[in-house]
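Asker: If you want the building blocks of each chain, they are given just below.
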Amino acid sequence: MSQSTEAQRVAPAPPPQPAQPIDLGWVQHLMDEEFNARDWREANELALLALMEIQEHWGYCSEDAAAVVADHLGIELQRVYALLTFYGDLRTTPRADNVYIACDGAACNVLGSGQLVERLFDRLGIIRKGQTSPDGKVTMEIFSGCMGACQIGPMATVNGKAYGNLTPEKVDQIVNELLK
Amino acid sequence: MADRSPFDQLHARATAAWDALQSSDKTVITVNVHGGSLPVGAEDIYKNLVFLTETRQIPAIVRQTGSLGFEFAETIVQVKRPNEPTIVYGHIGEDEVIELIERAVEGDGVWAEKALGWLEPQGLVVEPPLTLEQSADAAGLEDYKGIPPLKRHPYLRRQTRWLSRRWGRIDPESIEEYIAEGGYQGFVKALTEMTPDQVIEEVKKTNIRGRGGAGFQMGIKWESGRKSRNNQKYVICNGHEGEPNVFKDRRTFESDPHVVLEGIMIGCVAISATVGYAFIGGEFPLGIKRFKQAVKAAERAGLLGKNILGTGIDLEVRVRIGGGAYISGEGSALIYSVQGDRPQPRTKPPRSVEYGLWGKPTVVNNVETLANAPDIVMRGGEWFHAIGPDHSTGTKLVTIAGPVEYTGVSEIVMDMSIHDLIYEVHGGMRRGSEFKGFQTGGVSGGCLPADQLHFKVDFEDMNGVGGMLGSAGFIVLDHHTTAVEWARYLMKFNADESCGKCTPCRLGCPAMTEILDRVRFGTGHESDLDLINYTGKQIIEISLCGLGQAAPAPILSLVQNYRDDFLSYIRDKRNPATGQALEGAADLVVLTRGTHRVIDDPYRIGREAQRAPQILPGREIGSEETNRKGDIGDADPRRAAQPQDDALLRRP
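Line order of the protein sequences matches chains W and B.
Numbering of the first sequence is given in our numbering, commencing with residue 1 and proceeding in unit increments.
Numbering of the second sequence is given in our numbering, commencing with residue 1 and proceeding in unit increments.
Since the hints were made in silico from the structure, they are not lab data.
Check before you lean on any hint, since a few could be wrong.
What the hints assert, rightly or not - Estimated spans, in silico, between C-beta atoms of each pair:
{"no.": "1", "chain 1": "B", "residue 1": "PRO148", "chain 2": "W", "residue 2": "ASP39", "range": "38 to 46 Å"}
{"no.": "2", "chain 1": "B", "residue 1": "THR15", "chain 2": "W", "residue 2": "ASP172", "range": "26 to 34 Å"}
{"no.": "3", "chain 1": "B", "residue 1": "SER24", "chain 2": "W", "residue 2": "HIS29", "range": "40 to 48 Å"}
{"no.": "4", "chain 1": "W", "residue 1": "LEU179", "chain 2": "B", "residue 2": "GLY359", "range": "51 to 59 Å"}
{"no.": "5", "chain 1": "W", "residue 1": "GLU76", "chain 2": "B", "residue 2": "LYS296", "range": "30 to 38 Å"}
{"no.": "6", "chain 1": "W", "residue 1": "LEU77", "chain 2": "B", "residue 2": "LYS26", "range": "39 to 47 Å"}
Claimed, not checked - Covered stretches of chain B, as calculated for chain W (at least 3 residues, CB under 8 Å):
{"no.": "7", "region": "161-172"}
{"no.": "8", "region": "243-249"}
{"no.": "9", "region": "335-343"}
The beta carbon of each residue, even a glycine, is placed where N, CA and C say it ideally should be.
Isolated chain W (complex conformation) (with noise of 0.2 Å):
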């Protein structure tokens, strides 16, 4: 198989540019009154957390605010980089308005996510885990952990509300809500 034909074909769909970008003045501020270490160990075990909590808030953490963290703390902004980088929560573009959250853990699969998250990539015409739906309206993400809820496997969340003993019709439902 050509070069060309694997590019086209795993080639991830643009990012949707952010309504709006990081505030670097609420980054700022955030690192001002929660972020303040007493020594230069604390300044490195804070990193994370502030990359969190900023996650948290604008549902991505940029290179930008990155930076914003590392001149805070005193630290390299290679070290931030390299949790931001590393770690399977962060994320450094922003997700699409609807989030799909299927959760594989392995009850969850037992009970047959697989397929659903199979039949899930096909329908929103991606083909890896994080990736937004070619035109912008769907973030799919698997949580590959357990979400917790093992009772009602397999499940997903959905912006926030969980579903629970899905089949491949209440999927199919759940994805054309979201891609009305």
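Since the structure of chain W is provided, determine the placement of chain B on it from the hints.
Answerer: Same frame as chain W, but now just chain B:
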């Protein structure tokens, strides 16, 4: 001078308030709000109950609590009317709140269809190693208005509730209720009445082994931490639970955060550390929130801070949060994660009790291990040692997920067989599901077939057949799942979560995933089974950390125990569960679960990396002659497949 009077005053106040709540002349409605009930609407039910009791002017107190362990019956609401026992209702939907009020709170106060059982005032506590049913028999509990005692519920009968005795009972956000239920007594005793050496002596007597997976003796760890001479030491609570089916630590944080905090504090006192850390996985925001509140409350109560109770001891507990990397649960990786480095394990020794966080001696213990510490201090090591067999003392929180009748967190004495655990505690298989396998040790142990269920759930018994207690998260597989699909899932998880530091795990796990993909799409060959064994054993042998060494273990066990499944895929090109013919990824466009990737050459990763052997499908490797001894070296397919290489090497 040590002065425990401030704590005793607090205890008296808390007990009075707790007793007043128990004998309140209002109806007490308790909603179990935790990570397992929030997805099914517990928050809405709570808010609706508050709203309805106010608008209908029902004299009632509506409160929140953690999990009772009944994950399958969420949302659970407990109703205690004045001068009546608590009745526990399960399966309450978001739209059934009005009915609940009308039938369980007003009227005759019994909604028999939804009732799981009635509960005594002291809750689900039982003195181990007795089971709940034995204690119910001893107390002669009988039905109340036609509702059986909760202790006789089929899910609870064989369980022993001790570590989880406050779950679903106290408000996890209230330190007073924890103190009223005997909380922080152990810490204050360790602080004021015992020397650190005495504390460690008691812990050593218990023979308690770590609950996180490795099963290391807690007493030995603490003693090494105590003996390390340094001006600064640390205790870290490993609350990172990244395995895809384990949630006992999460429920502990959500239902009884103070007991973990108390365990950390006792650990700090025992090894003379002044700073303790709680490292919590980012997956459970509610647990993080409740634990942070617990720390703040303990600071306010004077149990954390400077000069605690006049003893001159300073103590600080910091909360650190992981970012969703499975590897963070490994001891040394966890320390790097706390330090703000990439969590990648390092070689040991030095062990973390010698060289840990910031180069200082550090004791790293699992949540459940630390949660046992207060009881050990209060009751003594011998009491604990008497529970369960000698090599596996104490009770164990167990999570079972999959198609069983009762999913949830159970607590057992480690003397029960796997069969009893599945069929007598967790209710057996759901209707329409046939038992197929029992995955042990999260994603790191072997998968046991039906004829191996007589082994005991403890640290030793099932090791001989490749099983592993791990953190006691188990998965039950039914006949809808094939061994190939399951192996693929586990391997994919490990490949995704590999930290990428050492080569065997970084390249070996994806390579094994590809082999399994070949098999899964019908392009596998019988020699692939030997290749799996060969690659897996190499990964086990030369990986750096425990997670890499454990990653191929379940796959090797699956190949051994469910060879028929694999052969059905390979020979008959048929999925044995559904009977469907495999589509055959003839062009090898493998759209794999989780990561859709295009593979133009099934051996690409191996070839590019020059790691895996270059074998073409069809070549018999690891056949009778080459694999006679079954050792790794013997089956080296490179030698079998490429004789011409040897010729090159022998050039004069």
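Asker: Please go over all the hints and tell whether each is borne out by the structure.
Answerer: Results of checking the hints against the structure:
1. Under the hint 38 to 46 Å, the C-beta atoms of PRO148 of chain B and ASP39 of chain W, about 58 Å apart, miss the expected range.
2. A beta carbon spacing of about 56 Å between THR15 of chain B and ASP172 of chain W contradicts the range 26 to 34 Å that was offered as a hint.
3. Checked against the given bound of 40 to 48 Å, the beta carbons of SER24 of chain B and HIS29 of chain W, roughly 45 Å apart, stay inside it.
4. Here the CB-CB span from LEU179 of chain W to GLY359 of chain B is close to 53 Å, well matched to the stated 51 to 59 Å.
5. Taking 30 to 38 Å as the suggested C-beta distance range, the pair GLU76 of chain W and LYS296 of chain B conforms, at roughly 32 Å.
6. About 58 Å separates the C-beta atoms of LEU77 of chain W and LYS26 of chain B, a value inconsistent with the hinted range of 39 to 47 Å.
7. For the region 161-172 of chain B, the assignment as covered by chain W is violated, since 0 residues bring a beta-carbon within under 8 Å of that chain's beta-carbons and 3 are needed.
8. Against chain W, the region 243-249 of chain B contributes 5 residues with a C-beta closer than 8 Å to a partner C-beta. That satisfies the three-residue criterion, and the hint holds.
9. For the region 335-343 of chain B, the stated coverage by chain W holds: 7 residues have a C-beta nearer than 8 Å to a C-beta of that chain, and at least 3 were required.
Comparing the model with each numbered hint stated earlier shows that hints 1, 2, 6, 7 do not hold.
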